[in-house]
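Colleague: Using the sequences provided together with the hints, build the complete structure.
So the protein sequences, as listed, match chains L and B. Position 166 (the first sequence) corresponds to 166 in UniProt numbering; numbering is contiguous. Position 15 (the second sequence) corresponds to 15 in UniProt numbering; numbering is contiguous.
Incorrect hints may have been included.
All copies of an identical chain are treated as equivalent in the list; a pair is satisfied when it fits inside any one copy or across any two copies.
[To be verified] Lysine-lysine pairs mimicking DSS-like chemistry, simulated, CA-CA at most 27 Å apart:
#, residue 1, residue 2
1, Lys112, Lys64
2, Lys105, Lys297
3, Lys213, Lys69
4, Lys197, Lys330
5, Lys320, Lys128
6, Lys197, Lys273
7, Lys197, Lys105
8, Lys213, Lys128
Just so you know, the hints here were simulated from the structure itself, not pulled from any lab data.
2 protein chains.
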Amino acid sequence: MSGKQDVSFDPKEHQHLRYNPLRDSWVLVSAHRMKRPWAGQVERPPEEHIPRYDPNNPLCPGNKRANGKGNPDYDSTFVFENDFPALQPDAPDPGSDQDPLFQSKAARGVCKVMCFHPWSDVTLPLMKKEEVVNVIDKWAELVEELGTIYPWVQIFENKGAMMGCSNPHPHCQVWASNFLPNEPALSDRCQRAYYQKHGEPMLLQYAKREAEKKRAKKWFSSSASSALPSVNVVLPGLAAIMKRLLTKYDNLFEVSFPYSMGWHGAPTGPYLKEDNSHWQLHAHYYPPLLRSATVKKFMVGYEMLAQEQRDLTPEQAAEKLRNLPEEHYKTR
Amino acid sequence: MSGKQDVSFDPKEHQHLRYNPLRDSWVLVSAHRMKRPWAGQVERPPEEHIPRYDPNNPLCPGNKRANGKGNPDYDSTFVFENDFPALQPDAPDPGSDQDPLFQSKAARGVCKVMCFHPWSDVTLPLMKKEEVVNVIDKWAELVEELGTIYPWVQIFENKGAMMGCSNPHPHCQVWASNFLPNEPALSDRCQRAYYQKHGEPMLLQYAKREAEKKRAKKWFSSSASSALPSVNVVLPGLAAIMKRLLTKYDNLFEVSFPYSMGWHGAPTGPYLKEDNSHWQLHAHYYPPLLRSATVKKFMVGYEMLAQEQRDLTPEQAAEKLRNLPEEHYKTR
Ligand SMILES: [Zn+2]
Ligand SMILES: [Zn+2]
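Modeller: Here it is, written out as structure tokens:
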């Protein structure tokens, strides 16, 4: 088990573990694996011919949804209650089992759907900057509104059939809950411990160090559950940055790039009265593509049972994206 | 946010949180969601016409693999080194960065592939009991051999194209590492804390309580990352139990059921000298199918960013499996 003593370490050539301070866990990076041949499942590239308006799409303006309710003729963003919510505001309490192995708790909340745009044939990188600003403003409004009551408001977008989203209309989901879910609870603990020890928010120090080290122009961290190491966005000028990042994703394989993304802000509701200096608002992007538009990296087996494992370093991913054109392939 | 006071709680009707004591985390169970319509991605059912021997399959007896090495004419199990391993025994040490945000560590190990049977057209539930015993014996042998040096030996099987495994030949992987990965490290902490408090291994108490409560004949726990709550197997008579469980999976939608599975035993290597009374050997099965042979439950969005969420209670899953025939649909 001892290493090659006479070979100097190269992260692109030699497997190693990297610490993820936001989750207090480790990621196995085996970048040398990108050299192997691959016979994985080939998935159909995302549909390219999407009509601007589809009379059968329940997300389009003026259309009826499954529960019979109609959408207005909206011309910007549009928010409605999810017709089949995972969280409802009035579920009864399961009561407490005294056995430590069979604990349960009440789960209450609301699930909303938010359309980004009246047209089905646009995505965030293809929308005008002012239109993306409208989306961000509506996100902020929803967090403020739902956050008066609920401790956690999770905004997330699943994009593309590869990420389980079969509806091409640009939209996201907003789930507010009466509990702090596992991931933000873990992230809260990690950020709090760092702040107590170092006196500054972890993510701001991370961004500073990245800039100092010139490791990347943006801040890339090898966080959980993404094939490309996930990108965490922390910043002002957000609409422009989102458009730029998502344009680069689309340009990578010249397809409308699938991903799951979501926002992590400080907890709300009862936590609004507490000191949240340790929290820095950030987003996670989890893209499933690594080698081509059709070959998906599956998060199974070793990832589920042991540890996250990546075939690419965050620096390699950052460099790939940096070297891509700034202009979207569809508008070039 | 207060619950319906006059409605009594029904886990099949009302969302709630359940504690997973093996991971010290919570799962959102929204069983009422199974009633909603679904327009998810349709995946092709697994290939049904698999030749017993395929001259181009690198896992078949007598064939050449990508690196030019040849397989022997094996007639039982067959183990070889993975030709493109994520872990190699001699990677150099990355050295330590003093910055707490940029920690890295050496990762060393070996990755092996193990064929279960010389034929490509069988799976564990269709193999003879003695053949499954051979597989289990070989697993034990590999853990003992690799565990003399390595602290963790992860045996795992990805089955089916839906789980990223395009080769139908029955096989699993064995990755041994010089580090204890995140998941077993977490599980070790949880089992140790429980043992210290209650004086008996958590999983044995869990199995006893399940039997007392007659919640299920087998032990079903709503663990991470499965659509059906994952099944954890703890027991003697293992070959028969594995055959029975996997037959039920196959019978559920009358397809060769996809899954990821793996074993969690007490840590090995340097840990062999320590007291591991708190550990109970167990397996996890993570099946991705919920509604039909072709509709996959995607673990994205809310699951990645916030918390595991299930559309089925463990009791419902256990009941579905219990009510299925004991005989495999292909041999009926
Ligand atoms: Zn986060
Ligand atoms: Zn386990």
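Colleague: Tell me the hint numbers this structure goes against, listed in increasing order.
Modeller: 3, 4, 8
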